[in-house]
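Letter by letter, the chains look like this.
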Amino acid sequence: MAKGFFTDTSLCIGCKACEVACKEWNQLPADSYSMTGMSYDNTAHLGATTWRHVAFIEQFDDQTGHFMGLGGATAGSGGHAVASHVGDVQSNVQANGDGRTRQRGDGRASTGVLDRPRASTSTSPRRSDETTGGFLGDHRWLMMSDVCKHCSNAGCLEVCPTGAIIRNEFGDVYVQPDICNGCGYCQVACPFGVIEVSERDGRAWKCTLCYDRQKDGLTPACAKACPTQSIQFGEIDELRDRARARVAMLHERGVTGAYLYGVDEDTSVGPLNAFFLLADEPEVYNLPRQPHVPNAQVIPSYIATAITGVVLGAATLLAISGRGRRS
Amino acid sequence: MPGLGTSFGRGGATTAQWDLVNSDCIVIQGSNMAECHPVGFRFVMEARERGAKIIHVDPRFTRTSANADLYCPIRPGTDIAFLGGLINYVLSNDKWFKEYVLRYTNASTIINGDFKDTEDLGGLFSGYDAEKRVYDPSSWTYQGESVPAAVGAHPARTGESYTERLNRTEAGPPPRDETLQDPHCVFQILKRHFARYTPELVEQICGTPQDVFLQVAEAITANSGRERTTAFCYAVGWTQHTVGVQNIRTAAILQLLLGNIGRPGGGIMALRGHATIQGSTDIPTLFNILPGYLAMPHEGDKTLDDYIHANQAPSGWWYNQPKYIVSLLKAWYGEHASKDNEFGFQHLPKLLSEDDYSYYPMFFKMKDGKIKGLFVHGENFAVGGPSSGIERAAMRKLAWCVVRDPFLIETADFWKLDGVDPATVDTEVFYMPAAWPPEKDGSFTNTQRMLQWHDKAVDPPGDARSETWFFVHLGRRLRELYAGSTAARDQGLLTMTWDYPLEGAMQEPRAESVSEEISGYTVADNKQVAGYAALKDDGSTACGCWIYSGYIPEKGVNLAASRDRDAPGENTNHSRWGWAWPANRRILYNRASADPDGNPWSERKKLVWWDQSANDGKGAWTGHDVPDFELHKAPGTPVQRQGVGMDAISGADPFIMQSDGRGWIYVPSGLKDGPLPTHYEPAESPVGNQLYPTCGNNPCMVTFDRPDMPYNGMENPRFPYIITTYRLTEQHTSGAMSRWNTWLAELQPEFFVELSPQLAGEKGVQTGDWVTLTTTRDEVEAKALVTERMQPLRIAGREYHVIGMPYHWGPAGVVTGDVANDLIGVALDPNVKIHEAKAFTCDLRKGRKRMGMPAAAEQDALRASAPDGGTIGRSESEGAEMAHAAPAAGR
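Taken in order, these protein sequences are the chains called A and B. Using my numbering, the first residue of the first sequence is number 2, and each one after it goes up by one. Using my numbering, the first residue of the second sequence is number 106, and each one after it goes up by one.
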């Protein structure tokens, strides 16, 4: 039976213990020592040396110019995501800065280019009876510990030409470092931007779901270090049941926007062995709404090619026969 | 410590973190618990999941706010106004827990008719000496008698002799008015004192919108009473103020009025900032107390009897004080301690009235060349100390200095910092590599007063050694150097017990042997004692710290090493996980969880109760915790008329350390700045005191009249912004343990300040830009992080900006940055001499620091000429030298 992670962002306090525990156990080096300006996120994204990454998303109602209570909650409030995107760090920083320094007519700062309507209220996790701060309120600072999804249909595994990427006995997607030749196909095949070829040694690296610890019957380092059970490790079916019950409970408490990502959607990556409970649209967390593996395009491509061939052939024949008749 | 100590009797958190899961409402104020105590915050999350309301009151929207149900903004340094507003709400809406308040607090006690409140005297209590800036507290006492506080610098120095006190105790408890109508009773004084703290005033002073304030008020009152409890959590956001102790006092009053002390899910959780900060006050690294909160001898204590009579309380548990001091001396001086030589009492140093040995006066003396040597352990004050430029400059005046730390921290590097030419520094520096906890045996005493043992996992590398190794071998070598000396001053060193067994190739002292001495033993047969009840004042027992007595109840049994959680369905407050002082009690004052008759206030909030069927029908206290009461004292036991000690406390008085057995809403003695908390502005504030316009700051706060310590002053237009310092999850305090660790350093790599979009807009600053912050002390440069989590506050009709500044960086380590603490001035709380880092003022401009500025070390002259600086508050006397006295940390 496959083992995996259930990452419940409604319990995340953004302590980054998962990031540190992961790096310590797997002996991964630091990425860099510069401040990104994206809230408290300074590792920016998953990569060859960052296998757990905590995203910080600040969502504030900047209409009031003050914290809640002054003027009350504003309908249709603007929100902005300080979400990260691989390789897009600098532009985000610029965007924030630009936006914040532009003044509106009312003298209050605007979030400018990042101004956009919040996701539809049906998926917003605000508790209806609360008008205040926190995870359940109007002003939110969302935190989410991202990780390799260990997809049922893993793009990286499908495209790996050397067989370095395998599905191991725990049902997880594992890169065998001694076989990887660093071709980098996996990097472009991953719909989540998780796996990365290291500039240090030229090989592809990502979360192993602590394969070595699992072999010894231990919980993966990140889940072990998480102080609030935001990261739960276990049998994937059991985790899914637990997660569905958690969503139902949150809905009951009025947090109607809570939902599971990577469990019941119909996508070509299939159910994720590392799935998430989210409080806003997937894009807010820098996750694709409809992830797809590249080889999902293979059969449509074949068909398209075949049709193209038939059409071209027919056209050629028509052309030839036409010329014949004319001559 | 005196905030909780004078209110309840002991200077420690009244509850344990895991008990927060039993709370119906948790107010986190003066603490960023999710970021600074992320592991303990799991219990807050668990409480939230169980339906508790989580409230965060803070100047910044932090990771704690993000996980709270309600975030409530507040201006830094105005917590008394906010909490006072809650007290007024509770009183004026009749929401107080009547039976609890009447029977368990001093609300009904009649106060001396001479007492005048701040409301009578425009911000001052009676007894103020404007010249010395101190109070004479004699008018604050209970009617007709002086009452010693359970803790304080000199607990019982009330001016009354011991015999007088004893006679008065025999006369019975202090006068009370059980109807609470007497205008001089505490309840009426309290009502008048806080009557003006309305929601409107709270909004004007704190910038907290009234509707949010009222949501907090409604939440805490709806969640207090027989069936429900509310807990408060605080940390240095309350303590690091010129009114630090009174901040905590205000919360103590509120929790007493709501009946939340000593009960499950209630209490005041003092969150300590390091692994064993609680331990370092229990077995103190402080100058004014001995282990177990025994007072440090004073110059007036010519003999042991003088000392005992000055400190022994006739009523309450502190009546036992002679047993604890004699057992302590016996532990220290062993066979050389006998009744004939006052058990070695004369070997102890004595405090001089006219001198101040606390942290800042020590550094000023050092800077003036009056202290020659310094030991530094587990501190990096070259970065972490407020106005740290002073500390660095002071160290350059030392003859020698020993720094023990795992990394080569700035405090060992001071001789080459600030652009100073090392050739001009004469200090001889000994850097000694220190072992980490996994490299040594020992114990931590954590925030819930709980000792947890840790075993050594690996040998420390190279020359790194444990603290125990360092001190035991230092003591051994010093004793060899002084061997044969007959000088009286050397006899303490030569006669102290120093026979800790050494083990292995490193000659590591056996840590358990130190623990055995701390836990206590009988001298004749060297058997461990079961607890402090077994200690005697005749020299037959030895105990290194009476409150820790019993954690090694017999040789080979270390209760601090126990690690058994409660089984599912079991409730003993995890009594077999570690060991908590005193006597393994997890929730202090838990007698108050039962009503005066000994029955639980409610089934839901049951903790400790009287079981008449126990003890062969004679009855006993029982429950889910070790009762914090005499086990067989029935609820109906009256005060014995001629009784002393515990006999002077009735069976319904739950605060056994207090001389009257009651929780102190009003503190008649033990505090230097008033029996009740009052709103004063921080030493540096852009806003005047709206409550008492003629009395801006705490009238007793301590400041220094020195050219190298200028202050920004009040309402100084040069420094228009409010600034507050804090920690982040990713780094630890001065960074000494995190800036050298690549995995932590990359997570918060650069010194930054948090600005609201509004302030950033005014200054044309974007995230990632350099900004320079200035005070009269220094200037620092940092990256800007513009965030809507920071918002301006409306105070008295004007908008004020708050700047947030984490203080983790310094010039050394994997990641570096300017020293945030260089900006802070040394303005201190009069009770505990803690500085005000959580609320002061600064200026901010876009861009980097001016190039070619003189080095910090040479800025004294510059500072002295700062036009808008000036001295405020009380100036410390220079007093006697302490040239040969190593600071407390080195003892």
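In case anyone wonders, no lab produced these hints; they're calculated from the structure. No experiment lies behind these values; they were computed from the predicted model shown. Just to be clear, a hint being listed does not mean it is correct.
To be verified - Partial chain A-side listing against chain B, Cβ under 10 Å, derived:
hint, residue
1, Met36
2, Asn182
3, Cys184
4, Tyr186
5, Arg241
6, Ala305
7, Thr306
8, Thr309
9, Val312
Said to hold, decoys possible - Computed footprint of chain B on chain A, listed as stretches where at least three residues anywhere in the stretch have a Cβ under 8 Å from a Cβ of chain B:
hint, region
10, 20 to 30
11, 154 to 168
12, 285 to 296
For glycine and all other residues, C-beta sits at the position ideal for the given N, C-alpha and C.
Quick rundown of the hints versus the structure:
no.: 1; hint: Met36; result: 4 Å, holds
no.: 2; hint: Asn182; result: 29 Å, violated
no.: 3; hint: Cys184; result: 29 Å, violated
no.: 4; hint: Tyr186; result: 29 Å, violated
no.: 5; hint: Arg241; result: 20 Å, violated
no.: 6; hint: Ala305; result: 46 Å, violated
no.: 7; hint: Thr306; result: 47 Å, violated
no.: 8; hint: Thr309; result: 50 Å, violated
no.: 9; hint: Val312; result: 54 Å, violated
no.: 10; hint: 20 to 30; result: holds (count 5)
no.: 11; hint: 154 to 168; result: violated (count 0)
no.: 12; hint: 285 to 296; result: violated (count 0)
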